[in-house]
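K.L.:
Okay, here's what each chain looks like letter by letter:
There are 2 protein chains.
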Amino acid sequence: MKIIIVGGSFSGIYCAIKVKELYPSFEVLLIEKKEKIGYIPSGLSMLLNGEIRSLDEAYFMTKEELEKSGVTVLTSTEVTSYNLSSKVIETTNGTKQFDKLVLATGSSQKSSKMFDEFSDIKTYKDRESAEITLKALEEVKDVVVIGAGQAGMELASGLIHQGKRVHVIETMDYPLYKYFDKDFLESFYTTTGKIEGLTFYFNETVKQIDDSILLFSSGNTIDITDKLVLSANSVRPELSIFKNQLKANSDHTIFVDDYLETSVQDVYAVGDLIQVPSFIFQTNVYAPLIVNAVQTSMTCAKNIVEKKETLRPMLKTIGVKLFDYYLASTGLMESEDFLYHEEVKSVMMTLPISTVYKKDIKVKLVYDATTYHLLGVQLISKEPVLDKINTFALVIKEKIDIRTLNQLPHFYNAVFANTSLSLFDVFEKGDDSSEV
Amino acid sequence: MKIIIVGGSFSGIYCAIKVKELYPSFEVLLIEKKEKIGYIPSGLSMLLNGEIRSLDEAYFMTKEELEKSGVTVLTSTEVTSYNLSSKVIETTNGTKQFDKLVLATGSSQKSSKMFDEFSDIKTYKDRESAEITLKALEEVKDVVVIGAGQAGMELASGLIHQGKRVHVIETMDYPLYKYFDKDFLESFYTTTGKIEGLTFYFNETVKQIDDSILLFSSGNTIDITDKLVLSANSVRPELSIFKNQLKANSDHTIFVDDYLETSVQDVYAVGDLIQVPSFIFQTNVYAPLIVNAVQTSMTCAKNIVEKKETLRPMLKTIGVKLFDYYLASTGLMESEDFLYHEEVKSVMMTLPISTVYKKDIKVKLVYDATTYHLLGVQLISKEPVLDKINTFALVIKEKIDIRTLNQLPHFYNAVFANTSLSLFDVFEKGDDSSEV
Chain E
1 MKIIIVGGSF
11 SGIYCAIKVK
21 ELYPSFEVLL
31 IEKKEKIGYI
41 PSGLSMLLNG
51 EIRSLDEAYF
61 MTKEELEKSG
71 VTVLTSTEVT
81 SYNLSSKVIE
91 TTNGTKQFDK
101 LVLATGSSQK
111 SSKMFDEFSD
121 IKTYKDRESA
131 EITLKALEEV
141 KDVVVIGAGQ
151 AGMELASGLI
161 HQGKRVHVIE
171 TMDYPLYKYF
181 DKDFLESFYT
191 TTGKIEGLTF
201 YFNETVKQID
211 DSILLFSSGN
221 TIDITDKLVL
231 SANSVRPELS
241 IFKNQLKANS
251 DHTIFVDDYL
261 ETSVQDVYAV
271 GDLIQVPSFI
281 FQTNVYAPLI
291 VNAVQTSMTC
301 AKNIVEKKET
311 LRPMLKTIGV
321 KLFDYYLAST
331 GLMESEDFLY
341 HEEVKSVMMT
351 LPISTVYKKD
361 IKVKLVYDAT
371 TYHLLGVQLI
381 SKEPVLDKIN
391 TFALVIKEKI
401 DIRTLNQLPH
411 FYNAVFANTS
421 LSLFDVFEKG
431 DDSSEV
Chain G
1 MKIIIVGGSF
11 SGIYCAIKVK
21 ELYPSFEVLL
31 IEKKEKIGYI
41 PSGLSMLLNG
51 EIRSLDEAYF
61 MTKEELEKSG
71 VTVLTSTEVT
81 SYNLSSKVIE
91 TTNGTKQFDK
101 LVLATGSSQK
111 SSKMFDEFSD
121 IKTYKDRESA
131 EITLKALEEV
141 KDVVVIGAGQ
151 AGMELASGLI
161 HQGKRVHVIE
171 TMDYPLYKYF
181 DKDFLESFYT
191 TTGKIEGLTF
201 YFNETVKQID
211 DSILLFSSGN
221 TIDITDKLVL
231 SANSVRPELS
241 IFKNQLKANS
251 DHTIFVDDYL
261 ETSVQDVYAV
271 GDLIQVPSFI
281 FQTNVYAPLI
291 VNAVQTSMTC
301 AKNIVEKKET
311 LRPMLKTIGV
321 KLFDYYLAST
331 GLMESEDFLY
341 HEEVKSVMMT
351 LPISTVYKKD
361 IKVKLVYDAT
371 TYHLLGVQLI
381 SKEPVLDKIN
391 TFALVIKEKI
401 DIRTLNQLPH
411 FYNAVFANTS
421 LSLFDVFEKG
431 DDSSEV
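Which chain is which? The protein sequence lines are E and G, in order. The numbering of the first sequence is UniProt numbering, which starts it at 1 and goes up by one. The numbering of the second sequence is UniProt numbering, which starts it at 1 and goes up by one.
Errors might be hidden in some of the hints.
Heads up, the list lumps identical chains together, so a pair's fine if it works in one copy or across two of them.
Derived EDC-like pairs: lysine to aspartate or glutamate, alpha-carbon spacing no greater than 20 Å straight-line [as the list claims (entries may be wrong)]:
hint	residue 1	residue 2
1	Lys182	Glu261
2	Lys141	Glu196
3	Lys178	Asp266
4	Lys122	Asp210
5	Lys321	Glu383
6	Lys359	Glu383
7	Lys2	Asp99
8	Lys302	Glu128
9	Lys359	Glu57
10	Lys33	Glu90
Calculated directly from the structure, the hints in this document are not laboratory data.
Take the sequences, apply the hints, and build the full model.
P.N.:
If you want it as structure tokens, here you go:
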């Protein structure tokens, strides 16, 4: 059995490892167009933020490590055309036949019209573009970042760390809107908006860019002479190469069944190419997160011979450090409550991190007003609290009544934890807790 | 309705707050023999470790804060006798009548015969003894700590931090045996045993102490001239004052039913006075942890008028920092497997904290060999990983199959997390994972 996997990032690599582990006798070939596999898309941000010292550290796996699992790896090899029904692909390294094909080519930033019109917008998601951006950064003091999502904010944080002046443009009226409610983030973006050198442009959409002027739909402009323009816009799969051989969803992701098989038999798609079932909504959603890439690729591998295990519903869970803040989110936001089938309530509170250590953590809990099941959580603190979001995500998944949260097992240590009483007792008073 | 609660530490205070919250019209009186309520028993260790600057910070609640909830607080008041059937107690502040009585007097270190024979052993669990010990520490370079449990090790860690020479005595052949398996801790106690100034005496039990010599049962001795001797032995309730009015368990804890009522009607006991139902074993256990004190006091408050809610089975979950290490544990240890009704397996592994940050976390998972339900977890790292134990504790409580751990919702961030693949995939290979 010959398995070809196209794409050498998280989903492709973990799928390859898993297939080889489950079926050691299979021939598994992974094809990557870049020179190296395993680049971490946030590499540039990590470097700018001082988390790594060189982009050489921004790899989660090398070709050599992957080959140790028995996977054959072809790098610097681009697929030039797919003939899915004949089970053949053409590559820059010759024609390849497959029994099973896994598409793991991920998403791309070059999905916007903006790039066709103005070629000097820089990106960062692969090693090559990160290098080019890094070099260009040496020449400028001012950087315009388009998009205040996770990627844009991580870049802004890193650029400030590097002493740049940063201009962040966002269509919405606050940053990180996919993961946080506006009321929850208000003090965060008010405080960070006062950081020396950082300017937010909310409610602004880029309409046109030329060599000297960035024009917003509102008519406002930014003079971009001597400024580097960096796109951190949301990503989408690039499907044109499949030439309508594959059924697509309305959001231009590839349609797959519950077992990750596409509309063409023996052809699978994973990671950022597809939608995943949402644990909160009774529907599929596009949530291009690395954790979802890994989980879809694992499930795909298990189904590659016979359909055994459906993809489990997923929560969108993130944890990130921006400026001096740790932020994490999982599940439903209050701003999405119209998408949920029942009435939603929320409670927001600020607590000390521990009994003796008075630094704060701010928490917002979103829950089903009838069943009291936890649906979503947002956290922010200047202390490293990210791991807490995994516990909350599990509380959501297990449909635990939030009124019993203080009965869950947990450790107490006066230095590292608080008794949680003030957090969880809100729900036992029978008040309208959304007013707390 | 008049409720009297005796004891102003975690269990008494949280019980008082909860009763007043549920029944605002009740008269709730909390009696504490010390001058202040709310002292954190690990105060001295926190001070020595530099986590607080003064013992004044070692309080989780003040009398004034508690009185704001409507609770009446009588400090410097000792109960001199209990007449439970008549619903009367005698105190140093007069006779008090109650409708319901909650005993929350906690545990004491003065439960060993050792103290009757040698009066100069210092303790630390209340403010007064901590002050005396602190003063005595000014005079000595050498400190003998009896007991290498959590309390003893926290003290040892703090004393080393203060530049003392520390001699730690432990009956078992390694430290922290209540929470960690020996194989898991081996590199920890080997490494810490090499810390300048720290000496472990394992397999040694104190037989006798006089002014100059500490004699072990083995015949070995330590010259304690110019050394301070500090007891961090395990704690037990002090029940003599109840003069057999209450049914006791064989381990000298107070017997309570599932609703926290003692053998005497309208008299309840909580916190360190009682056993709690174990989630792992089909039995009650003595687990004098603050988190259990809080949870038993909450449940007691809910049952004070009518029996509504039974005490939930508990996991013993701890998180602690010792020297440069963060250690956490929950649930069953492999060394306790004989107490579990089914076959137990375990797997131990060392992983990087995150994809790009190569510091390690060592993890031991103990699980049911038949159902693959997670039963216990031990963690150690030089990074602050304590919050992870809460997620694992919830995995145990929800009886999640460990082979599905990598499908649980979690966040991924190359700086702060790893993909967990190497951790959880062990279980999908079908190998004898205990050999990993």
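K.L.:
Against the structure shown, which of the earlier numbered hints fail to hold, in ascending order?
P.N.:
Per hint list: 1, 3, 8 violated.
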